[in-house]
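Make a model of the complete structure from these sequences and hints.
If you read the protein sequences in the order shown, they are chains A, B, C and D. Position one of the first sequence corresponds to residue 2 (my numbering), numbered consecutively onward. Position one of the second sequence corresponds to residue 2 (my numbering), numbered consecutively onward. Position one of the third sequence corresponds to residue 2 (my numbering), numbered consecutively onward. Position one of the fourth sequence corresponds to residue 2 (my numbering), numbered consecutively onward.
Note that these hints are calculated values from the structure, not bench results.
Just so you know, same-sequence chains aren't split out, so a pair can sit in one copy or run between any two.
With a straight-line Cα cutoff of 30 Å, these simulated DSS-like cross-link-like pairs (lysine-lysine) come out:
1. Lys-129 <-> Lys-165
2. Lys-129 <-> Lys-220
3. Lys-160 <-> Lys-129
4. Lys-54 <-> Lys-129
5. Lys-54 <-> Lys-98
6. Lys-129 <-> Lys-98
7. Lys-54 <-> Lys-160
8. Lys-165 <-> Lys-98
9. Lys-160 <-> Lys-98
Protein chains: 4
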Amino acid sequence: MNNTAQLHQLNPNAIALCALGRWIASRHWVPATGGNFSIRTSDNSALVTASGKDKGELSPQDLLPVSWQDQQLSCSGTPSAETALHAMLYQLNPASKAVLHTHSVQATVFSRLISQDNYLFAGYEMQKAISGISSHQQLLSLPIFDNTQDIPALAEELKHRWQKQPLSQSLNHSLNDSFHYGLLVRSHGLYVWGNSLEQAKRHLEGWEFLINCELERFKIAGLP
Amino acid sequence: MNNTAQLHQLNPNAIALCALGRWIASRHWVPATGGNFSIRTSDNSALVTASGKDKGELSPQDLLPVSWQDQQLSCSGTPSAETALHAMLYQLNPASKAVLHTHSVQATVFSRLISQDNYLFAGYEMQKAISGISSHQQLLSLPIFDNTQDIPALAEELKHRWQKQPLSQSLNHSLNDSFHYGLLVRSHGLYVWGNSLEQAKRHLEGWEFLINCELERFKIAGLP
Amino acid sequence: MNNTAQLHQLNPNAIALCALGRWIASRHWVPATGGNFSIRTSDNSALVTASGKDKGELSPQDLLPVSWQDQQLSCSGTPSAETALHAMLYQLNPASKAVLHTHSVQATVFSRLISQDNYLFAGYEMQKAISGISSHQQLLSLPIFDNTQDIPALAEELKHRWQKQPLSQSLNHSLNDSFHYGLLVRSHGLYVWGNSLEQAKRHLEGWEFLINCELERFKIAGLP
Amino acid sequence: MNNTAQLHQLNPNAIALCALGRWIASRHWVPATGGNFSIRTSDNSALVTASGKDKGELSPQDLLPVSWQDQQLSCSGTPSAETALHAMLYQLNPASKAVLHTHSVQATVFSRLISQDNYLFAGYEMQKAISGISSHQQLLSLPIFDNTQDIPALAEELKHRWQKQPLSQSLNHSLNDSFHYGLLVRSHGLYVWGNSLEQAKRHLEGWEFLINCELERFKIAGLP
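Set out below in C-alpha cells:
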C-alpha cells in the first residue's frame with residue numbers, strides 16, 4: 002500500500018461512503034457489482050470505487066485515488082470504467098464533493114421509456130429534495146443521455162450540454178436542458194452528485210422517488 | 002440545552018417516536034429527509050421533528066418543543082416547515098396525541114391520480130384498522146387537499162373543511178367530506194393522527210395498505 | 002395467569018409461532034395489527050392470537066387457549082374475532098395443526114378482482130408447494146368467500162362448501178370447488194393451514210407466490 | 002455421518018453457499034422451500050442442496066454429495082429432484098463451479114408471458130454483468146424451456162439445444178439460441194451458473210435485474 006492509499010483510509014468521508022454503499026445496496030440500487038461512487042479529495046482529485054467490487058461490501062482500501070488534469074486521468078489500480086464521468090462532473094461543478102452512480106430497475110426502465118433527451122418533473126413536493134428547488138411549482142429537469150461504452154465521449158457530451166445550460170441559468174427555468182444534481186444514462190442508470198456526501202444521498206433518494214412515482218403513474222395513466 | 006428540551010428527553014413517548022421513525026424509514030415512507038412527526042405534550046404544545054433530519058435517525062433532541070395559541074406558533078429552533086398543520090390537527094382534534102406525515106411513493110401517486118377532493122374506500126376489511134370503523138360495509142372517506150407552499154393557508158383550508166364536516170358527524174356516513182384520522186396532500190404525501198402513538202401507527206399502516214390496494218387494482222382494472 | 006396459560010407457554014410450538022409471526026410481519030402480510038394465527042393443542046382446542054396485537058411482536062402469553070364443542074367456543078380473554086373460522090378449519094380438517102390468516106396487499110387485491118367463488122391455478126411449478134400436488138399439470142383451486150362481519154355465518158358457509166367437496170375428493174380433480182390448504186375472503190385476506198406449523202408456513206409462501214404471479218401477469222396480459 | 006459428508010463440511014465453498022442461500026432467501030427468490038443450489042467438487046461430482054429444506058436456513062450438512070457418470074447419478078440421501086439438470090450443466094460447461102436455481106415471481110411471470118423458446122435482451126448496460134458480454138450493443142439471449150416433471154428429459158433437451166449452439170459460438174452473435182450462464186424453465190424459474198460461486202451470484206443478480214426491467218417495461222409499453 003502506498004502512502005496516498007494509507008492516507009485516504011484515514012479520510013472519514015471514505016468510511017462514510019462505504020457505509021452509504023451498504024445502505025444503497027440494501028435498496029437493490031447497485032446489483033451485480035454495478036454502480037460506482039466517488040468522493041472528492043481536492044480540486045483535481047477524488048477517491049473512486051474499484052472496478053468489479055460489490056458496492057455493498059466496500060472497505061476504504063477499495064477506494065482508489067484518481068487525479069485529473071484537463072481530460073487526462075491518472076490512477077494506480079483499476080478504478081471504475083466510468084471514472085472519466087466522475088472527473089467531468091467534479092470539473093463542471095466545483096462545489097461538488099461526491100458522485101453516486103446507481104443502477105435501479107426503476108431508473109433503468111424510466112430512461113428507456115422516455116425518448117427525449119430530458120424529462121420535466123412537475124408538481125411533486127419531493128422536487129424540493131433537490132438543492133436549489135424551493136417549490137413543487139418549479140419545473141425540475143432531468144437530462145437523459147444515450148448509453149455508450151465510450152466514456153470519454155460521454156463525458157465530452159455532458160460537458161457540451163452543461164456549457165450550453167449551466168446550473169446557475171437553469172434556476173431561471175427555461176424549459177430546456179438543465180442540470181439539477183442528477184442525470185440519467187439511457188438503459189443504464191442514474192448519476193447524482195452533491196456538495197456533501199449527505200446531500201448526494203438526499204439527491205439520490207429524491208431522484209429515485211420522483212422517477213419511481215412517474216413509473217407507477219405511467220402504469221395507470223399511460224405514457225405522457 | 003434549555004430546561005424544556007432537557008425535560009422532553011425524559012418523555013417516553015419521545016423515545017418511542019424515534020423508534021417508530023426508524024420503522025417508518027425502513028418502509029421507505031420518509032425518503033430524502035422528507036416527512037415530519039409530532040407528539041402532543043399538553044393541550045397547546047407538542048414536540049415536532051426538526052427540519053432536514055433523516056426521520057430514520059432521530060434522537061429525542063431532534064424533537065423541538067412547539068406551542069400554539071390560536072394560529073400563533075412559538076418555538077425555539079427550526080421545527081418542520083409543516084408544523085402549522087400539526088398544530089391545527091391537534092386543535093381540531095382534542096383527543097389526538099400524535100401526528101405522522103409521510104411521503105410514500107404510493108400515497109403520492111394515488112393523490113395525483115385522483116382529481117376529486119375526496120376518495121371513498123369501500124368493502125375492504127382493512128377499513129376497520131381506522132378507529133371508529135367496525136365494518137367493511139361502512140364507506141371510508143380520505144380527504145385530498147391541493148399542495149401549496151403556504152402551510153398556514155393549508156391549515157386554514159383544513160379547518161374550514163373540518164368545521165363543515167366534523168368527525169362525529171361523519172360516523173353517520175354522509176357520502177361527502179369527512180375525516181378519519183387521515184388526509185392526503187396532492188403530489189405530496191399522507192397525514193395520519195391518533196389518540197395514541199400506537200394508534201397513529203396503526204392508522205398509518207391501515208391507510209397505506211388501503212391506498213396501495215387501490216393503486217394495484219387500478220393497474221389491472223383501470224382508474225374508477 | 003391460570004394453569005392453562007402457564008402450560009401453553011412451555012409449548013415449543015407457541016414459541017415457534019411467535020417467531021413465525023415476526024417473519025410474516027417482515028413480509029408486510031399482517032399490517033395494522035391485522036391477521037390472526039393459531040396452533041392446535043388437542044382435538045378440540047387451540048391457542049389463538051389475542052385481538053389487536055401486532056402480529057410481529059407476539060410473545061407466548063398473547064396466545065389464548067380456546068376450545069370448541071360443535072359450534073360453541075369457550076375462551077378466557079379476547080381472542081381474535083375470527084376464532085370461529087379457525088375452529089371450523091380444525092374441525093373440518095382433523096390432521097391440521099396450524100392456521101395462519103394474513104392480509105397481504107396482493108391477496109386482498111386479487112380476491113377483489115376475481116368475481117367467481119373459486120380461482121384455478123394452472124401450470125405453475127410452485128403449485129407443488131401445496132401438499133398433495135405433485136405436478137404443475139394438476140389444476141389447483143383456491144376457494145373465495147365473500148367477506149362478512151358475521152364470522153359464525155362464514156364458518157357455516159365454509160362447512161357447507163367443504164362438505165360438498167371434501168379434500169380427499171378434490172385430489173381426483175374435478176374442476177369445481179375444492180380445498181387445498183388455503184382460501185380467500187374477498188377484500189379481506191388469505192387463510193392457510195397445514196399438518197404442521199412448518200407446512201402451514203410453506204402453504205402461506207406458496208399461495209402468496211401464486212397469487213402474486215397471477216396479479217403481475219394480469220398487469221401485462223389483462224384479467225382472464 | 003460418512004467420511005465424504007464430513008469432508009465436504011470443511012469445504013469453504015459449502016459455507017459460502019449456505020451464506021449465499023440466506024442472501025437469496027432475503028430477496029424472496031426461493032420461497033416455500035423452492036429452488037436448489039450446487040457447487041462442483043470435481044470433474045464429475047458436486048454438493049447439491051437436500052430436497053425440501055428452506056434455502057435460507059442451510060447448513061453444510063444440508064448439501065449432499067452427488068456424482069455422475071454419463072447420465073447416471075449416484076447419491077446417498079435425497080438431493081433435490083432437479084439434480085440431473087445441475088449435473089448436465091456441469092457436464093456441458095466444464096469450467097462451471099456453481100449452479101443456482103431460483104423461483105422469483107418476476108422470472109416465473111416473465112417466462113409465462115414469452116411464448117418463444119428464447120428471449121433477446123438488447124441495449125441494457127446490465128447485460129455486461131453476464132460474463133463474456135462487453136457492450137450493451139451485444140444482443141443477449143436467454144433460452145426458455147417448457148416445464149416438465151421429467152427432469153432427465155429436460156436435461157436431455159438442454160443437451161440437445163446446447164450442442165446445436167455451444168457457448169463459444171454464441172459469442173459470435175448469431176441471433177438464434179445460445180447460452181449465457183442462464184436459462185428459464187417456463188412457469189417455474191431461473192437457472193444460472195458461473196465459473197465461481199461469486200460469478201454465479203453476479204449472473205443471478207444480472208439476469209433477475211434484466212428480467213425485472215423487461216417486466217416493468219411491459220407493464221407500461223405492452224408486450225413485444
